[in-house]
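Sequences are here, hints too, so could you generate the full structure?
For the record, the sequence lines run as chains X and W.
Counting in our numbering, the first sequence runs from -8 upward without gaps.
Counting in our numbering, the second sequence runs from -17 upward without gaps.
Please keep in mind that the hints were generated in silico from the structure rather than gathered at the bench.
Cβ coordinates follow ideal geometry from the N, Cα and C atoms, glycine included.
Zero decoy hints are in this set.
From the structure, some residues in chain X lie toward chain W, with a derived Cβ separation under 8 angstroms:
1. P25
2. I26
3. V38
4. T41
5. M42
6. V53
7. F54
8. T59
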Amino acid sequence: MTDPATAVIRRLPPPALRRESARRPRDPVSPEPPISNARIAVVTLLVAETMFFAGLIGAYLVFRVGSTMWPPPDLPRLPLGVTWLNTLVLMASGVTMVRARRAASRDDQAALRRGLAITGALGLVFLAVQGSEWARLIHHGLTLSSGMYGATFYALIGTHAAHVVGAVVWLSIVWAWAGRGRFVGGRFAAVDACTIYWIFVCALWVVLFGLVYQ
Amino acid sequence: MKNSSMGSPGLGVALLVAGALLLVLAPSETLAQGCAMCATYLNGATDPRAYGFKVSIMFLMAMPFVVVGSAGGWILWMHRRSRVQRPSLYVLHPEGEGAP
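The following block contains the structure:
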């Protein structure tokens, strides 16, 4: 005679089959949650990031608004023309990232890989131009220790640049996964999360550019 | 069974509102001094640094509401949108008709 508890255990599929069934799309009768777990995780991260940058901007506002002369006359001016072009590069990367996500939703693997590669390349161009401009500014005497102007500039723009580096690393991982064909069959949560983060980094740059460079 | 030691919740709320009103309606110069750091660092309202502090404080005060409000609004919007877009899970058939 079969023990009822054992009977329940026997009814479960073996582990390999269970893993396979977990990868299959959900049964249409049990609906998908309105917001995926990956999206909620990224949005929670972005809420924390936004408050972090709000703290930095708050400190910047104390010194900028409270100062009678900003920027100080003895320090070099920030390169506006090159940074405008660099802003356009970053915005273009945002557009290509959104296109890559759309390609993932269409299951167009070639367009997804191409879009991710172009986005990563544009992000690297942005970082390279920022780095070269920083080198010039340091050469002209604007350093982290040259008063509150230099300190707040490098703190704000440097933290954003660190976030762009993080976004490029994340993007390269997603690109490698896309190369292995991981985002087939409408499963592209990693692309979705990376797109949200990239758009955040682009939007944050618009705010910082308007605040610091103007 | 009712807990007699808890008292009425309405009384607690009324006391809270009365306390808040007392703080708001009874202006005191000591309350307007702010923290010790601001009082010693800033030289009165005409100091431009005081304006910088004010702008920064207003910005930082508003940001949590903006950020949490935006995230909460987005979650609410997504829930409502999914409720509208989701098709009905169960189709009601007349008795016997279309039943498997």
